[in-house]
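S.K.: Residue numbers (this note's numbering), protein chains in the order written: chain A, 1 to 351; chain B, 1 to 351; chain C, 1 to 351; chain D, 1 to 351.
These are calculated hints, taken from the structure and not from any lab test.
Some clues are possibly wrong.
Put simply, identical chains are the same to the list, so a pair is met inside one copy or across any two.
[Unchecked claim] Straight-line Cα separation of at most 30 angstroms, DSS-like style, residue types lysine-lysine; simulated pairs:
(1) Lys-89 - Lys-163
(2) Lys-91 - Lys-123
(3) Lys-163 - Lys-123
(4) Lys-163 - Lys-22
(5) Lys-343 - Lys-274
(6) Lys-346 - Lys-274
Keep in mind the model is a prediction, meaning the values are calculated, not measured.
These are the residues of each chain, in order.
4 protein chains.
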Amino acid sequence: MIIMKKDATQAEIANVVSEASKYGVRCDVSRGEVLTIIGLVGDERRVPFARLEVMPGVKEVRMIETPYKLISREYNEVFRGKDESRVIKVKGVEIGGIEPVYIAGPCAIESRAQLMRIAEEVKCAGAHILRGGIFKPRSSVHSFQGLGAQGADEAREALSWLKEAGECFEMPVLTEARGESQMDLIAEYVDIVQIGARNMYEQDLLGYAGRTGKPVLFKRNFGASVEEFLSSSEYVAAEGNRDIILCERGVLPVGKGKSFTRYTLDLAAVPAIKKETYLPVIVDPSHATGRRDLIKAMSAAAIAAGAGGLAIEVHYSPAESWVDAQQAITPSELADIIDTCRKIHKITTGG
Amino acid sequence: MIIMKKDATQAEIANVVSEASKYGVRCDVSRGEVLTIIGLVGDERRVPFARLEVMPGVKEVRMIETPYKLISREYNEVFRGKDESRVIKVKGVEIGGIEPVYIAGPCAIESRAQLMRIAEEVKCAGAHILRGGIFKPRSSVHSFQGLGAQGADEAREALSWLKEAGECFEMPVLTEARGESQMDLIAEYVDIVQIGARNMYEQDLLGYAGRTGKPVLFKRNFGASVEEFLSSSEYVAAEGNRDIILCERGVLPVGKGKSFTRYTLDLAAVPAIKKETYLPVIVDPSHATGRRDLIKAMSAAAIAAGAGGLAIEVHYSPAESWVDAQQAITPSELADIIDTCRKIHKITTGG
Amino acid sequence: MIIMKKDATQAEIANVVSEASKYGVRCDVSRGEVLTIIGLVGDERRVPFARLEVMPGVKEVRMIETPYKLISREYNEVFRGKDESRVIKVKGVEIGGIEPVYIAGPCAIESRAQLMRIAEEVKCAGAHILRGGIFKPRSSVHSFQGLGAQGADEAREALSWLKEAGECFEMPVLTEARGESQMDLIAEYVDIVQIGARNMYEQDLLGYAGRTGKPVLFKRNFGASVEEFLSSSEYVAAEGNRDIILCERGVLPVGKGKSFTRYTLDLAAVPAIKKETYLPVIVDPSHATGRRDLIKAMSAAAIAAGAGGLAIEVHYSPAESWVDAQQAITPSELADIIDTCRKIHKITTGG
Amino acid sequence: MIIMKKDATQAEIANVVSEASKYGVRCDVSRGEVLTIIGLVGDERRVPFARLEVMPGVKEVRMIETPYKLISREYNEVFRGKDESRVIKVKGVEIGGIEPVYIAGPCAIESRAQLMRIAEEVKCAGAHILRGGIFKPRSSVHSFQGLGAQGADEAREALSWLKEAGECFEMPVLTEARGESQMDLIAEYVDIVQIGARNMYEQDLLGYAGRTGKPVLFKRNFGASVEEFLSSSEYVAAEGNRDIILCERGVLPVGKGKSFTRYTLDLAAVPAIKKETYLPVIVDPSHATGRRDLIKAMSAAAIAAGAGGLAIEVHYSPAESWVDAQQAITPSELADIIDTCRKIHKITTGG
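Pulled out of the complex, with its shape left as it was, chain A reads as follows (with noise of 0.2 angstroms):
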């Protein structure tokens, strides 16, 4: 971390930077309305910081120990002077804004027909932001993977009913990246790449993701600390994107015999993690129960603790849905479940 004099030229900002990257590290150079500073990605071991600390428009080097420097509230505060949240607008959507924001969508994507018609009801519902499936991550290679793996031409059919959707209905859409060949053509069409929680240590892949442009719906992993989760993000950050949308969606069960979850929905995450970082934080209740019946009662939760939206799986006919058909819940659901967040939202934030 490098901060510049007040009075640094651009001259003088640019030298630094070259000097830095001789030494296989890139600069992230941040411009705050005093200071710039200069974060160093990568590997710092081999940077002589002696010698950057005297070069001209210097004022000082700090070493920060944190694997999540760049999204890191303490950071943004002491560089930058300023504690704010990073509000992320999508298509006039706002994302870590005062209102919750609520995904919804069905798991998968099965046809045109079922997606306008669920995004038709979600929408009504009051969701904001429109999920589908196309690249579904599956524990076994005999199970349904989705649209996009039927075929180059399905994934790009299924792609342009999403965004024909979003268009047709004004909402944002999202979909998920699972590898890196489908990232270019993702990012083609849909307006949030979403990273799910299985690929949350592919740092090739985050990085992509980041260099897309595109804000990033990025899940944490089910067996990985908060520490692991936002030092995983940073890779994303690392690209220059910080339109980052940190989502918890449940770790592994402890014990033996039944948890009645499917995950374990780990809510004190949410404030924890508002606490270190600047990005918003929401929940998805429907992968971490895998029961429709709790989805009610932990949006209220969400919400309660403090989550900045929620992702949620909708189906017309949930028992018809192909894919993890017991988790999703009808659009007259999401209602209910959004008017009463809405209210819980009020009440702690005091309004």
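Please build the complex by placing chains B, C and D on the supplied structure of chain A, with the hints as guidance.
M.R.: Just chains B, C and D now, with coordinates in the frame of chain A:
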């Protein structure tokens, strides 16, 4: 599970109990409005069910596979014809009733003055039940184990303060029994006996607690699934004591590195347990998070998830607290939390 | 930790003990060949170390941060000047000595005949110590809890069989004490008291076990880190009883779906614990795997990892075993395992 | 799973393949000595099995529920009539054969000189295969990511050193592919492609690795059950590549506080996996323990448990190692380990 005929006589019931008891099981006789059911407690492998089935007055014999049949909602519904939740009444306070209950007090009782002051302040803040630790379970033998560890006289004195504070401020009181040898003494002074998370697997201790006849506040072990938690509760119920208050207080965090909370609060367990059993479920956000700054968010979330109450550690001067200082909140913070929780409860119950 | 001068008198030592005891700690006086060390057991926060340091005969006061200083190798080395491992001698059997010890017997004692037959057969197979469960900890109150659960007379009878079998076949015997109320009775009959995995956190039970003066076979809880395991052992040592045999028996499996073993046997804990403490460490492959067909592989691996012995469940007819039938092996399988383990031990110790 | 009649013609087989393929599944045709079996890969929900069953040449259609049927021992036995383990031959080295294989080399390749020196020394110590990291997965973007992260030229150069070292010292070589974009490049230079623990759930990457046709060294994720590990392996096998070397490298530790090892090595998984699949299973004690002083004990234990080989990090000067310095051992320590392991292997296999 032996279901007696509608018109079975007392003698017939007694006969069945006597016969079944020969095979090393105890009988839990439950007289409903319509039917009398004899639940067998213990190892059923050697019970000759075929012989019992043809005894006079017996309508039916049903095998129940679940390890927690006595406390299961299903057992209650199927055999007793009602789907009711249990309301435990202690000195005018209803646990499991319409309104959530708030249990508050110091982690450890340090002196009479400390306890009386906290009791008064948590009462004013809206708490219903007073808690205070006298026998503290600690990971290290070299830590403060509570006043109870300093001798029999000190233990009795601290218990008498607790009783006095409860009477003075009109609150039922509770403290933890860590070992069998403390149980009788504790039961003499308190209204509710607590079994802590570390002792969840202690079947002898659980049986002992059940036999005191006092309501038991029973905490989930941090390494236990919900099924194991309920199976352990059955040890209390097997003593004929169904006044069990289940308490979620967090499970072991996953992953490497920092989790930012002491344990992972499993809030989805609250509605999940409520579907399985008719017993009240409360939440302890203090031990779960170990962080004062997260208590409010997690209290609100717990009530939104449907918790029937909260157990919170309070100290007028948290920093001076001898144990767990970093997780205690002040009485005025408690008042604010109870106020918010009441509003949320009203919303989630459609009030 | 108070280190007395080389020429400190008995009176000086007694004075220090007396003074320290005023502050609610107990003193563990350890007379080495060169120095006498007074270890403080309990809450040290209020001990005025500055005052103790200037008392006659005191050489030095050192704060030890570890929660298991009494059993730590480092404490022993630094203050007592030797790096020795503890050898526990029970009726001619050395635990922690050069050769690994083999503990074998039925999961649960079912009858005198069953026990005598198994005792004879495991002795022939090469076992050194006889085990047999009388008080069985079980997840469900509706499972067989051991003969001890059937009444005081049955418990005493089963214990007398165990003692008889031990005398008859010249093996020390051990059984598990599950609750405080069984401890005195058990200690009357057996040579080694076992504290099971479910009870690892039971500090009152541990203290009680320590006070019997019998060697304690102490099992790691399935949700406990090695540090927690050692910290709990300190509760036994704090009673002045250092005859503690540590036993690794598996921790909770990770992930979703089948793990194919009952628990995850943490064999790296064996050499890791041996670096931390001077106590012997053994392994229980039966409960860890829950699979008869894996016992040999894991026994061999445990000895290769440096275990000082094995505890294995044996039944002449595993399928008839009342408890844990799927994990018991036959006496002839035991003989084969002991033979293989002896050869491996010879190799790994360079013999 | 479609089992063809003994005398089914090529045309009949092709017909069945063609028909099945219409429903979005791929066909894995496996011609045994007696029967030809067509395994379906992918989502089987929409395949009309009733129709396939009556096609000419079809003997029987069987549903296999396991998510890893292609690699399961049972599938192989039942349908192909043999219970054999797979032996993977790479440049004269047999993996899964009678003798365990030893894979050794630096954690990260640092320079040509470093690699050549280590290659020579591990060869002398008895290693069969040379490993060396070029693309390093790291928790923090601010850590050294391997020479491969410094640019395409650097990556190619490091790969060429690896190939050179392998040729020079007559060892097959392997390195990890962390992302899809590196796969083709890596496959051009190495004999075995490694997929690391963090990438175990990456189905796109696994498929890509499978399609290279190179043997794949596949590591278990630290949060995955054995069943999930095998289900993921099926993604490689589904590409027609059954040259998969499974590697256990430790799972997440349980409990609070210190575990004293980096991960918990699950050695019981070794024999458990060998019962489930015909693939070879090896162990990586370096990443599992993270401790140089435990490598020997855990290597010996792994071989005693039945591991088909070991992957060990070696550096001539461990303290100078750029990555994971605390877990590397010296070449002479490796020689000692291999010597001990050979003796243990001889004993456990009755040699």
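S.K.: Run every hint past the structure and note whether it holds.
M.R.: Results of checking the hints against the structure:
no.	hint	result
1	Lys-89 - Lys-163	within (18 angstroms within a copy, 49 angstroms between copies)
2	Lys-91 - Lys-123	within (15 angstroms within a copy, 50 angstroms between copies)
3	Lys-163 - Lys-123	within (15 angstroms within a copy, 57 angstroms between copies)
4	Lys-163 - Lys-22	between (43 angstroms within a copy, 28 angstroms between copies)
5	Lys-343 - Lys-274	both (21 angstroms within a copy, 24 angstroms between copies)
6	Lys-346 - Lys-274	both (18 angstroms within a copy, 27 angstroms between copies)
Hint compliance for this structure: every hint is met.
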